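Trainee: Spelled out, the chains give:
Number of protein chains: 2
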Amino acid sequence: MPQKTFYNLPDEKRSLIISAAIQEFSKADYNSASINQICRNANIAKGSFYQYFIDKLDLYVYIMTLAIEEKIRFFTSVISEFHSLTLLDQIRLLFLKGIEFAKRHPEYAALGEQFSKGNNETAKSSVIKEGDKLSESLFMQMIQDAKTKGEIDSSVDSFALSLLLQSLNSAVNNYMLNKFGSISYEHNAEDVNSFVDSLLNIIFHGIQNRNEKI
Amino acid sequence: MPQKTFYNLPDEKRSLIISAAIQEFSKADYNSASINQICRNANIAKGSFYQYFIDKLDLYVYIMTLAIEEKIRFFTSVISEFHSLTLLDQIRLLFLKGIEFAKRHPEYAALGEQFSKGNNETAKSSVIKEGDKLSESLFMQMIQDAKTKGEIDSSVDSFALSLLLQSLNSAVNNYMLNKFGSISYEHNAEDVNSFVDSLLNIIFHGIQNRNEKI
DNA sequence: TAACAATATGACCGGGTGGTCACTTATATT
DNA sequence: AATATAAGTGACCACCCGGTCATATTGTTA
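Respectively, the protein sequence lines represent chains A and B.
Just so you know, the first sequence maps onto residues 1 to 214 in this note's numbering.
Just so you know, the second sequence maps onto residues 1001 to 1214 in this note's numbering.
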């Protein structure tokens, strides 16, 4: 975590450093990201940087914490509405909100992508993946609730379904890569929304032809 | 592609260089991988390396081509059996063979992981992703066939299903990460196999409780 | 054996990195 | 005005990188 000197900085300068760091860490993974570049973009001397942060890892953990906090803040309001929704609508809402978050904070979304690309184990384990843990246990709880309510077949493997739902993100990303050439949430959302619905339709109703029961 | 000098090399030395390169490119993505390290591990001088290959990219494309060729060779035999199988069995076979391939050639599997992590666009576009293109069109064709045969519901979005199936790989990887702490195909395959079956069960039969038709 | 071509070598180049530190400058307190 | 404390600076360190090139070694032909 940053030194007190960092918090003593005028707001403008502090946020300039933060946004320069976010920019760098969302373009390159931890190892490739450059402190020199961050200093250049933030117009501070290298020596100053090391008066604000202990080292590169210190900055990285700080930046990732900011992003995770922002994401949790964004999602907590959604989850509070869950009790009145079916599992299908819960999942759909989660996806749409996820896309909305990435649209509103593309830097944070890119930060997450680079995080998962990183090969530096020290850096990875230093970032508490609260977000992931939260989303996993969230899915599991949603599934259990839906089973209790009789919404979904109780014979379904909850853990498998949970991981399947988590991996849908990569399906959506692949869809955009295929359609737009890059992972971008700027395009018409209609398209992506209907793709999400197609995915959820498959998962809820299955693909097997029921008329062909032999 | 390598210079003729590379092919003039004694077999032993040539394969030593190849395996040193595979080792390096499966540990780090293109940018982070080090030519110096490869030379050290292969016991050749830096100058020698640049007599065999034009540059780093030349080596990378060569190594990736080897891996892709090996993978295609591994899968073509499987695909030839497809005509006699249902879609469910085709997909299951594809997954099991995929796991078997990664088990038999863990270096190649790691090579693919690092490839998808890489940020260097030049390096990425220089590697013709024949494998990916092949698997995508393969899935699409399998789905179309199954629809024609009446195996699966014709109202299912083929493209969405295709991307969903492709993304199942990440679900399997997450499963192993969750269960074993790392992506490793060395462990008991029983476990992974039954996880794959759980996933396929969801996709074929859906999760919605059919008794609860209101 | 002499001459020629092919190959092997590692010091070297320019440029990058994360991190340090003696020093300067600004601010606050006496 | 004098002092003490905090903050800012950039040259510098050791180490890495991908790539070059003059030179040395080897192999082959005449």
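Hints are computed from structural coordinates only; laboratory data are not their basis.
Bear in mind the structure is a predicted one, so any value in this text is a computation, not a measurement.
Mixed in with the good hints, there may be bad ones.
What the hints assert, rightly or not - Now the stretches of chain A that chain B is said to cover, found in silico as 3 or more residues with beta-carbon under 8 Å:
#1 4-13
#2 26-40
#3 196-204
Unchecked claim - Per label pair, the in silico range of CB-to-CB distance:
#4 A:Glu113 to B:Ile1079: 52 to 58 Å
#5 A:Lys4 to B:Asn1188: 40 to 46 Å
#6 A:Leu85 to B:Thr1086: 31 to 37 Å
#7 A:Tyr50 to B:Val1078: 32 to 38 Å
#8 A:Lys46 to B:Pro1010: 37 to 43 Å
#9 A:Lys103 to B:Met1140: 53 to 59 Å
Idealized CB from N, CA, C, for every residue including glycine.
Trainee: Please go over all the hints and tell whether each is borne out by the structure.
Mentor: Results for each hint:
With 0 residues bearing a CB less than 8 Å from a CB of chain B, the segment 4-13 of chain A misses the requirement of three and the coverage assertion fails. For the segment 26-40 of chain A, the proposed coverage by chain B is satisfied: 5 residues have a C-beta within less than 8 Å of a C-beta in that chain, meeting the threshold of three. Residue count for the segment 196-204 of chain A with a Cβ under 8 Å from a Cβ of chain B: 6. That meets the three needed, and the coverage hint holds. Hint check: A:Glu113 to B:Ile1079, Cβ distance near 32 Å, so the stated range 52 to 58 Å is violated.
Roughly 52 Å separates the CB atoms of A:Lys4 and B:Asn1188, a value that falls outside the hinted 40 to 46 Å. A hinted range of 31 to 37 Å holds for the C-beta pair A:Leu85 and B:Thr1086, which are about 36 Å apart. In this structure the supplied range 32 to 38 Å is violated for A:Tyr50 paired with B:Val1078, their Cβ-Cβ distance being about 56 Å. Range check, A:Lys46 to B:Pro1010: Cβ separation about 49 Å, and the 37 to 43 Å hint is violated.
Hint check: A:Lys103 to B:Met1140, Cβ distance near 29 Å, so the stated range 53 to 59 Å is violated.
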